[in-house]
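Chemist: In the order they appear, the protein sequences are chains A and B. Numbering follows this note's numbering, in which position 33 of the first sequence is assigned residue number 35; successive positions increment by one, without gaps. Numbering follows this note's numbering, in which position 77 of the second sequence is assigned residue number 81; successive positions increment by one, without gaps.
FYI, nobody ran anything at the bench for these hints, they're computed from the structure. Every value quoted in this text rests on a predicted model; they were computed, and no experiment measured them. Glycine included, each C-beta is placed from N, C-alpha and C at the ideal position. Hints are not guaranteed to be accurate.
[Unchecked claim] Selected chain A positions facing chain B (Cβ under 8 Å, derived; list incomplete):
hint: 1; residue: L71
hint: 2; residue: F116
hint: 3; residue: V187
hint: 4; residue: K188
hint: 5; residue: T191
hint: 6; residue: F195
hint: 7; residue: P197
hint: 8; residue: Q199
hint: 9; residue: A243
hint: 10; residue: Y246
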Amino acid sequence: MAELAALMAQGAQGGRAVIDALIALLMLPVALLPGDGAAMFQYGFMRRALLSSVMVGGVCGLLSSFVVLKRWSLLGDTISHAVLPGVAVAYLLNLPFVIGAFVSGALASLAVGFIERTTRVKEDAAMGILLSGGFALGLVIIGQIASATHLTHILFGNVLGVGYDSLLTTLIAAIVAIAFVARFVKELTLYTFDPVQAATIGLDTGTLHYALMLVLTLTIVVSLDTVGIVLVVAMLVTPGATAYLLCDRLGPMMAVSTGVGVASAVLGLVLSYRLDAASGGTMVLVATAFFLLALILAPERGLIARMRRHAG
Amino acid sequence: MRALARPRTEAAMAVEGRGLAAGYGSLSVLADCDIEIAAGSLTALVGPNGAGKSTLLKLVTGALVPWRGTLSVFGGAVAQARRAGEIAYMPQHEAIDWDYPLTVRDVVRLGRLPAIRARGGWRAWLPMSVQPGADTEAALGALDAVGLAGLAHRPIGALSGGQKKRALLARALVQGARLMLLDEPLAGVDRDSEAVIRRLLIEARAAGRTVVMVTHDLDGTRGFADRVLLIRGRVVAAGTPEEVLGVTPPDPVAAALARTGG
Chain A
3 MAELAALMAQ GAQGGRAVID ALIALLMLPV ALLPGDGAAM FQYGFMRRAL LSSVMVGGVC
63 GLLSSFVVLK RWSLLGDTIS HAVLPGVAVA YLLNLPFVIG AFVSGALASL AVGFIERTTR
123 VKEDAAMGIL LSGGFALGLV IIGQIASATH LTHILFGNVL GVGYDSLLTT LIAAIVAIAF
183 VARFVKELTL YTFDPVQAAT IGLDTGTLHY ALMLVLTLTI VVSLDTVGIV LVVAMLVTPG
243 ATAYLLCDRL GPMMAVSTGV GVASAVLGLV LSYRLDAASG GTMVLVATAF FLLALILAPE
303 RGLIARMRRH AG
Chain B
5 MRALARPRTE AAMAVEGRGL AAGYGSLSVL ADCDIEIAAG SLTALVGPNG AGKSTLLKLV
65 TGALVPWRGT LSVFGGAVAQ ARRAGEIAYM PQHEAIDWDY PLTVRDVVRL GRLPAIRARG
125 GWRAWLPMSV QPGADTEAAL GALDAVGLAG LAHRPIGALS GGQKKRALLA RALVQGARLM
185 LLDEPLAGVD RDSEAVIRRL LIEARAAGRT VVMVTHDLDG TRGFADRVLL IRGRVVAAGT
245 PEEVLGVTPP DPVAAALART GG
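Chain B on its own, in the form it takes in the complex (with noise of 0.2 Å):
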């Protein structure tokens, strides 16, 4: 049987690209992209729309393959870092279909399916209502850290905007992936969501995880994220928020926008 987070030597880079080209049939989005986040930092992906932030959270999942280039998650294949259960990924709003019948608890619990493929055994092979009950304890526990207990049982398309995507949040925390991909996490969300997901990914990096998040929200990554990327169909900056904030106009995204005319 494999353990989930086998220990091993800690690579000092969380993400690795060299050289990677990307894109969507003919369309071109990332070209010739370095990209470096270190393990362990709250990383900050900030551009305009089509700039190609999201396309790199793609690549890292593997939903989408890079035309070019290479890429490494903690020093090794991201293959294998994918099926040990190590990333974990909170899409967009607007990516899910939200009627999809399944309560939060349900959703939530979908977290453990990689822990369940590493335990292996003929269990594993069975329905998700069939599993040990701790793995149902796990979600429950992490529905109670974003503050959606008493929302378990509903329907997912019954919640918020925030609600939502705390609930996804909690999918991610119950996966226990050492790699948090989150496509948006703060956007639309109202005053009380924002602050539990901003305190509990605050809380994840001081557990040692590495947090990359998409943001539109360049001000709110003062006092928040270690790192910025400023992203534009490659990396075009990197630093602390004040340090980019401090290389980029008064609104970089209104005018990066006016500048590529999106």
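This is chain A alone, in the form it adopts within the complex (with noise of 0.2 Å):
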């Protein structure tokens, strides 16, 4: 046990110096900022939660254009709403959230699949019934056990307090979400353009339903810290709808959202330190706007664009 203690002690150390590492890399950039730029990155709390917003709004951006393409934007609502149960039972039993959050979101997300499956209920109404009947449970044992400033954390996160453990974490997952994409895009692409085709290769659909589903709620249970639950379905959808509007290749699309979601963390964070704002709130604000203009400048797609072809 002693051995074991030492060597996740060992874990954590090595942990902290790859975060460390990761800081000292993001601050290259910062160091470029002209005027006062990189002020606000002396403190320690604000080079954390540059690094949480990077990987955060990246890992959300890459995933983002699969849940464009699935129809997936209801789930990953879904999901985000039913973690808050599993986060106030983690925190009863003193256990790490995220692994409560995890617990949670993934029973959630596969009893939408069971009762669509079963029963003749639609798709849409269970998950409405999951989102709010597992996010009401979460509010009611919150409130019971902690205090209103630990429930707002929760709902709508605390970049600014993010820890060393929060970013391993968030690391790691970021890690498992880039590696499954990175192996899994074809068959993914194929999966989500012609599943029958998909099946009819010999392609395990169901697996890779699932294990895109499992990798979603990783992805969502890391992201509370920094956008919080009510918010984290914004990053999830809005960097691939806007890559959506500008690119007609999976790829470029899947490099765009990750830039989207990257961009809007940062510079929402940058802004809400600025203007004294929540940060989860202006980081979807960002992104957000980076969609309207995508919605109204894209050279295709956008309003512009087809006013122009109408006129002409």
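Put the two chains together into one complex; each comes in its own frame, and the hints tell you how they fit.
Modeler: Take a look at the structure:
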């Protein structure tokens, strides 16, 4: 037991070193910022918040291409809200909240599929029930055991309070998500484009479906510190929808949505610091602004291009 | 390493089903359906809407699991044939989201997925864009065969209805499957596309492939299909196009529709 504890302590040390190295890497471009742009990053909490924003914005952005193409927006919202009772129970049992959140989020996504398959209730109604029911259960439990500040942090994120443990968990989740997408992107492409042909060539579409769902759940759970339960779905939908308006191929779409995710999170962090505004909300507003820009200015599908075509 | 088209004893039947029952939720579509499709034939499945033509194809693809009954492909297990890339499927127009961000070439190149997986090795784990150039060459060759070489880099959604079908046919061809399942390959296509698709299906059969297609155009099977299976919850008539046209009323689809009230 003592050896295990020592090993875990060593792992935590190593993880801390990796996080510090990543932060140092991020400080290189920050140092190039003109004027007093770099000033806010003299604080340790802002450096950690920046790393968290880059990782969360990037992974959410990467997955958001598939969320948009698979029409999983409401599913993402369901999972994120249904995470709350898991967080509460983990708090009660003194477990890492990531574990409780992952379990209850995954249970909710499985329950949606179960209700849809075995009853006449359709998918959207099943998601509405689990979203609200799960969220309500979490609210009631947390109301009994924790302070209002605690609840606010869970619901709306607390990126300025992100610690090393949380960063390490996010990093591991990011690596899992990126590896999953890189390994299965061609299978996922065929599965989302033409699921019957995917089954025809012997792909295990059921496993692929649930694996993508679990990776999505993991991403949502580690994003809670940064954007919170209520707004995380925006980071999973808006970057992908923005890229969808701009791109005709999946590869570029994934690259653009990842970029929009990172830019939204980082710009949102900086703006929220400058304006003393809620960080999660500001990030989502920046993402929404990117979407509006694409909606108006996109070269082929934008409003201006469409008006020009109709006029010409 | 496993070869994609490994030599095996030639089975007489490409598809053999016994006592198949299938449906969606509580809706039964096929009941006690026996079916035989000879290897190397060009077979047309005809019948009214909701008769189970597409459902039969979906049982072979594995997208739908039969409630009862057994199914074999080339005398062996269906699952094995699927994994070996021996079956290709071409969906109906309505089943696809044509706004999906893929170029025509990207769509056709997805037909190389079984070959890439069969090749194995570390490279099979990586995205399509870093696969060997031969896969892209094969996709472009198939696009040339269907007459779409000039449109390879267009978004798939920018093509006409007939061109989209030709692109999906190219995907099936580049897969090199022994059994091609086509759901309404000729529905809503222009004359040129129809001629191209018919010619390529006849060539595919000549090359020893088995072609199974769903169609509403019974007259169009004359001089084209080897066999026609009339489906209405099961196979109710089977024979050459002339034989099946003979046993059915002049306009069988309309008559069948009137009978089923559909």
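Chemist: Compare the structure with the hints numbered earlier in the document and write down the numbers of the violated ones, lowest to highest.
Modeler: 2, 9
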